[in-house]
Every structure is written in C-alpha cells, then in structure tokens.
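Novice: Residue numbers (my numbering), protein chains in the order written: chain A, 55 to 408; chain B, 30 to 235.
Among the clues, some could well be false.
What the hints assert, rightly or not - Think about it this way: if two alpha-carbon atoms lie no more than 30 Å apart in a straight line, the pair counts; the simulated DSSO-like pairs of lysine-lysine are: (1) A:Lys82 - A:Lys180; (2) A:Lys180 - B:Lys31; (3) A:Lys156 - A:Lys365; (4) A:Lys380 - A:Lys365; (5) A:Lys156 - A:Lys183; (6) B:Lys31 - A:Lys263; (7) A:Lys180 - A:Lys402; (8) A:Lys365 - B:Lys31; (9) A:Lys156 - A:Lys380; (10) A:Lys82 - A:Lys126; (11) A:Lys82 - A:Lys101; (12) A:Lys263 - B:Lys188; (13) B:Lys117 - A:Lys263; (14) A:Lys180 - A:Lys156; (15) A:Lys302 - B:Lys96; (16) A:Lys302 - A:Lys180; (17) A:Lys302 - B:Lys31; (18) A:Lys263 - A:Lys380.
What the hints assert, rightly or not - From the structure, some residues in chain B lie toward chain A, with a derived Cβ separation under 10 Å: (19) Ile192; (20) Gly215; (21) Leu225.
These aren't lab readings, by the way, just hints derived from the structure by calculation.
Being a predicted model, the structure only gives us computed values, none of them experimental.
We put the beta carbon where it would ideally sit given N, CA and C, even for glycine.
Each chain, letter by letter, is given below.
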Amino acid sequence: MLILFIISSLSISALDTPNDAGGSVTLKFSYPFPFISGEIMRREEGKEFERMVAVSPSDTYWIDNSVEDGVKYYYQVVLTTEEGVVASEPASVISSPQWFHKGRTTMLIVVLVVCGLILFFIRQAKGGKGLYIRQIAGLEAVDEAVGRATELGRPVMFIAGIMDIDDLQTIAGITILRRVAKKAAEYESQILMPTSRSLVMTAAQETVKEAYYDAGRPDIFNPNNIFYLTDDQFGFAAGCDGIMMREKPGAIFLMGSFYAESLILAETGHSVGAIQIAGTAMPSQLPFFVTACDYTLIGEEFFAASAYLSKDPLQLGSLKGQDWGKAMFLALIVVGTVLATFGFTIIKDILMVQ
Amino acid sequence: MKRQIPLIITFIVGIVMVVQYFIPRQPFAGLFDTFNRWFLIIAVFALLLGLMNLVRLHANKLRRRNKGWGYSVVLLGGLVATIFTGAKWGIGTGTPFNYIFVNIQQPMGATMFALLAFFIASASFRAFRARNIDATLLLVAAIIVMLGRVPIGNILWNKLPLIADWIMTYPNTAGQRAIMIGIALGTVSYSLRVILGIERTYLGGE
Numbered sequence: 055m056l057i058l059f060i061i062s063s064l065s066i067s068a069l070d071t072p073n074d075a076g077g078s079v080t081l082k083f084s085y086p087f088p089f090i091s092g093e094i095m096r097r098e099e100g101k102e103f104e105r106m107v108a109v110s111p112s113d114t115y116w117i118d119n120s121v122e123d124g125v126k127y128y129y130q131v132v133l134t135t136e137e138g139v140v141a142s143e144p145a146s147v148i149s150s151p152q153w154f155h156k157g158r159t160t161m162l163i164v165v166l167v168v169c170g171l172i173l174f175f176i177r178q179a180k181g182g183k184g185l186y187i188r189q190i191a192g193l194e195a196v197d198e199a200v201g202r203a204t205e206l207g208r209p210v211m212f213i214a215g216i217m218d219i220d221d222l223q224t225i226a227g228i229t230i231l232r233r234v235a236k237k238a239a240e241y242e243s244q245i246l247m248p249t250s251r252s253l254v255m256t257a258a259q260e261t262v263k264e265a266y267y268d269a270g271r272p273d274i275f276n277p278n279n280i281f282y283l284t285d286d287q288f289g290f291a292a293g294c295d296g297i298m299m300r301e302k303p304g305a306i307f308l309m310g311s312f313y314a315e316s317l318i319l320a321e322t323g324h325s326v327g328a329i330q331i332a333g334t335a336m337p338s339q340l341p342f343f344v345t346a347c348d349y350t351l352i353g354e355e356f357f358a359a360s361a362y363l364s365k366d367p368l369q370l371g372s373l374k375g376q377d378w379g380k381a382m383f384l385a386l387i388v389v390g391t392v393l394a395t396f397g398f399t400i401i402k403d404i405l406m407v408q
Numbered sequence: 030m031k032r033q034i035p036l037i038i039t040f041i042v043g044i045v046m047v048v049q050y051f052i053p054r055q056p057f058a059g060l061f062d063t064f065n066r067w068f069l070i071i072a073v074f075a076l077l078l079g080l081m082n083l084v085r086l087h088a089n090k091l092r093r094r095n096k097g098w099g100y101s102v103v104l105l106g107g108l109v110a111t112i113f114t115g116a117k118w119g120i121g122t123g124t125p126f127n128y129i130f131v132n133i134q135q136p137m138g139a140t141m142f143a144l145l146a147f148f149i150a151s152a153s154f155r156a157f158r159a160r161n162i163d164a165t166l167l168l169v170a171a172i173i174v175m176l177g178r179v180p181i182g183n184i185l186w187n188k189l190p191l192i193a194d195w196i197m198t199y200p201n202t203a204g205q206r207a208i209m210i211g212i213a214l215g216t217v218s219y220s221l222r223v224i225l226g227i228e229r230t231y232l233g234g235e
C-alpha cells in the first residue's frame, strides 16, 4: 500500500528548456517522502534507459544539456527507499531551439517604442521643423577652454577614458575631440592626447588630423601628440599625471569611460590650474568630476554633445525622441509607484526582463 | 568609399547585435561572443601598433635629448627588461618576469591607487564648503553619512547610522537611478545615430 502511495506521488515532468538555442531539456521532479538514493534515467526512442545523474532530496530540477534537437527522449526518476526501489512514470520531451526569447518581449517593445520615437523626430527634423535644445554649460565652455589655453600659451590635453574603441563612451569622447581639435587648430594651439588603448590612438590620430585639415591648418598637426601610454589603469593615470605636471596644459578634457583613476586625473589637473571639462556616463565617477572639474557633462549630456555641438537637425531630432522616451519612463514610474503603493505590481511585473 | 564601407559595416553589425539579443537560436546565439573574439584579435594587432608608437616616440626623444629624456630611458629600459625576462624565462611564479611584476609593477599601481585617499580629502574639502544652499545640503548630508558609517557616529547618537542608511537608500538611489535612466536613453539614442550613420564624427567626418 505504501509503495503504491510512493509511486503515485513520485512525478517527473520534462519540458524543452524555454528561450534557448536548443540542445537542452529541463526536468522537474517531486518526491514528498524520504529516500536513500535517487537517479535520473534517460532513454531515446527504441533504446534502453541509461543513468544520467544522481539526485538528492533537495534537488527539484535538473537541466540536461546533452540532448539532440528533434530526438524524442524519455526520462524517469528512480528512487531507492527503505521499502524498495520505485520509479516514476516516464515523461517524454523533444528539444528544439527557439526563434524568439519570450522573456525579453517587454524589452523589445520598449526598444521599438524608443527607437520609433527617435526616428519619428529625426524625420520631423528632416522636414525642417525647428527643435529647441536647452543650453549645456559644459559644451558652451569648450571654445572658452581652448581659447584660454591658447592665451596662456599652453597645450590642450584630451583624455578619452581608459576603455577601448568598442565602448560607446569612448566613441562619444572622440566626437567631442573633433570639435576640440578643430578649435585648437583654429587657434594654432597644440592638443596632447595620451591614450590607454592602441585602437583609440589610431582613431584619435585620424580624427584630429581631419579636424586640422578642416580648420585649414594641416601644417601644424603633429601626430606624435596623440600617443599610446599603457593599457594599465594606474600606469595610465600616473603617465597622464606626469604629463600634466610637466606640460601644465591650460585646458583638460576628460571625456569617456573612467573608473577609480577619475579623481586622480581631475585633482592633478586642478592642481596645475587647468580649466577642466569632464564628461562620462559612469554614475560612480560623476561626483568626483563634479567636485574637481569646472564643468561636467552628466550622462545623457555627454551623449548629446555631438548633436549639440554640430547643431545638425537630424542629430537634434534624435535628442527630442530621447526626451520623449524619458517622459514615457517618467509616466511609467509614477503610475507604477502609485499602483505598487496599493499593492498592484503589474507595471513592475511587465517590465521584468529575463 | 573610405567612409561608406565602415558605415555599412557599422549598420550591419549594429542591427545584427540588436537582433541577436532577442533570438536565442543559432547562428544568432553565438554572434556576440564571436564579434567580441574578432575584436580581441584586432586589438592584439593594434597593441603592436601602440608598442611601436611608444618605442618610436621615446627613442626619438632620447636621440634628440629632448626635455625629460631621462624618463624615456627608464621607460625603454623597463620595456626591454620585461619583454626579455618574460621571453627567456617565462612568466610563472619565481621567474624574473614575475619578480618585476610583483615587486615593481604591482606596488607602483597600488601607490597610485592609494593616492586616491588624499585626492578625495582635498576634493571633499573644496566641495563641502557651504557657499550656497545646495553646497550646504551636500555638506550636511555628507557629514551625516560619514558619521553614520563609522562606530563613533553610533556612539554620538544611535540614530545616525539609520539616517545615513536612509539617505543612501532613498534620496541617493533615486538620484542615481534618474541619472542611469538618462544614460540608458542617451546610449540608445547615440547608438541609433551611429548605426544609422547620422553620427559619423568618429570616422573623421562631420
């Protein structure tokens, strides 16, 4: 009688692992009674069961990553109890890869809505509609900083962070570099740019060269002023600090992805009396830059810099779309907070991404 | 063509990287890692470029006896010694390369990191001057958080750690999240501009 109860309460369910690339099956099992040892058995159609893995009473699921897609498998959990050996009814499953990750549906909708808004406003801007963009003090000060360095007869120093060219912040930094370099060329000033990555060095050399050509001063472009220092974080900080102390730049731009070296660089720059403009999307480093620099581009302002400086309507349109995206999130936060206050977590549940 | 080919590559790779996030099956599943591997391979070659640039610059500086040429001697000497010891005796424990790394490079890195403590003190001194209401609020919040995070704060008033935790958990987190939402949207917008070729300054164009 007890054995019959054990068999009836022993269950295993097998399902194709959701949202995967195939080759995987997830097994869930329950055994509401103690046992001495347990095993998961598997067999293919027309073959014998083989032992796959041992299970303990605390195990409730197991993922089999050794299956072939399109093949039917049968699984069984076999337990050895004090009353004897019992086995569950076999459960069958066929593994297959999925075309869409269902856990990321909300993310897809958000991406489509935000991108749709941005594209809509880019289209509007193409149509000639005037777009307002608020003044960003840090970007207004770019020309002033370069001008001041020139007046002092000192070089301009530009640091594009410590990450490689695959980091979006580095690319954003290089777009600002072009504007700074063009202004420096117009003022016949020199720009010093130590880099922490070789690829950033080559991209920056090309950008600065183009800027000097655009300004009509290719003769004063010196590629040796854009040079590689080291990939090492604090080695790079030490190298930059040394350059700051020796060359005493009149203006320092810290634009890119920074980590613990941010304050070391910014404080040294402050100590040599340079006007400093920083921009980063690293929230943890922003307080350091706000404290030690004259102007700081905070997160989205940093990414908006190229649009702001170029005044290109297409780029400004994307900023407008971005602002509408922000308004949408603000509305979601307000509604979600109010609903959550009354115990409804629907917004939070919808926005969860796997 | 010099501009168009990179723009086409950027567009295709950008779209594929977005699509692969939503499609778990092959060939999309492994694309992210594949592209990352390709980038690493390119970066290794670029490292040689950086190394050559470094050697050329400092060799020229040394040859011309430019100001600060002594630093170039140290740099080139260090570079040659490290490469030579690593190539000749390997990089395992007990090798000269490892000795250089553990006894020279690591302590120098740690020294730079340690400087941060002094820089934080000097930066805080400037930031916490009560020049206006905003700076005063910053000062008061900072004092409460600093005192709340050390044992003496609890001795002075046992509610200080609770207030410090409240400041960090609510106003601070709210502020940080607001910035992060802005950054996320800025990233999406900027990425879209790069993918669509609207933003092409990084290629050397306007």
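Novice: Against this structure, judge whether each hint is valid.
Specialist: Status of each hint after checking the structure:
Our distance criterion of 30 Å between C-alpha atoms is broken by Lys82 (chain A) and Lys180 (chain A), whose separation comes to about 56 Å. At most 30 Å may separate the alpha-carbon atoms for a hinted pair to count; Lys180 (chain A) and Lys31 (chain B) meet this at roughly 25 Å. Restraint check: the Cα-Cα separation between Lys156 (chain A) and Lys365 (chain A) comes to about 40 Å, which exceeds 30 Å; the hinted pair is violated. With a C-alpha separation of about 21 Å, the suggested pair Lys380 (chain A) and Lys365 (chain A) falls inside the 30 Å cut-off, and the hint holds.
Pair hint Lys156 (chain A) plus Lys183 (chain A) does not hold up; C-alpha atoms about 39 Å apart against a cutoff of 30 Å. Taking the CA atoms of Lys31 (chain B) and Lys263 (chain A), the gap is about 15 Å. The hint holds against a cut of 30 Å. Distance hint between Lys180 (chain A) and Lys402 (chain A) is unfulfilled; the C-alpha atoms sit about 37 Å from each other, more than 30 Å. Taken as a hint, the Lys365 (chain A) and Lys31 (chain B) pair is honoured in the structure, with Cα atoms around 25 Å apart against an allowance of 30 Å.
This hinted pair checks out: Lys156 (chain A) and Lys380 (chain A) have alpha carbons roughly 25 Å apart, not beyond 30 Å. Taken as a hint, the Lys82 (chain A) and Lys126 (chain A) pair is honoured in the structure, with Cα atoms around 17 Å apart against an allowance of 30 Å. At roughly 23 Å between alpha-carbon atoms, Lys82 (chain A) and Lys101 (chain A) fall within 30 Å of each other, so this suggested pair holds. At most 30 Å may separate the alpha-carbon atoms for a hinted pair to count; Lys263 (chain A) and Lys188 (chain B) exceed this at roughly 59 Å.
This hinted pair does not check out: Lys117 (chain B) and Lys263 (chain A) have alpha carbons roughly 40 Å apart, beyond 30 Å. Of the supplied pair hints, the one linking Lys180 (chain A) and Lys156 (chain A) is violated, its CA atoms being roughly 36 Å apart against a limit of 30 Å. Of the supplied pair hints, the one linking Lys302 (chain A) and Lys96 (chain B) holds, its CA atoms being roughly 14 Å apart against a limit of 30 Å. Between the alpha carbons of Lys302 (chain A) and Lys180 (chain A) the distance comes to roughly 44 Å, so the proposed pair goes past 30 Å and is violated.
Straight-line distance between C-alpha atoms of Lys302 (chain A) and Lys31 (chain B) comes to about 37 Å, which puts the hinted pair past the 30 Å bound. Note on Lys263 (chain A) and Lys380 (chain A): the hinted pairing is violated, with a Cα-Cα distance of about 37 Å set against a maximum of 30 Å. A distance limit of 10 Å between C-beta atoms decides the matter here; for Ile192 (chain B) the minimum to chain A is near 20 Å, and the interface restraint is violated. Taking 10 Å as the C-beta contact cut-off toward chain A, the hint placing Gly215 (chain B) at the interface holds, the least distance being around 3 Å.
This hint holds: Leu225 (chain B) has a C-beta 8 Å from the nearest C-beta of chain A, less than the 10 Å allowed.
The structure does not agree with the numbered hints 1, 3, 5, 7, 12, 13, 14, 16, 17, 18 and 19 stated previously, though it agrees with the rest.
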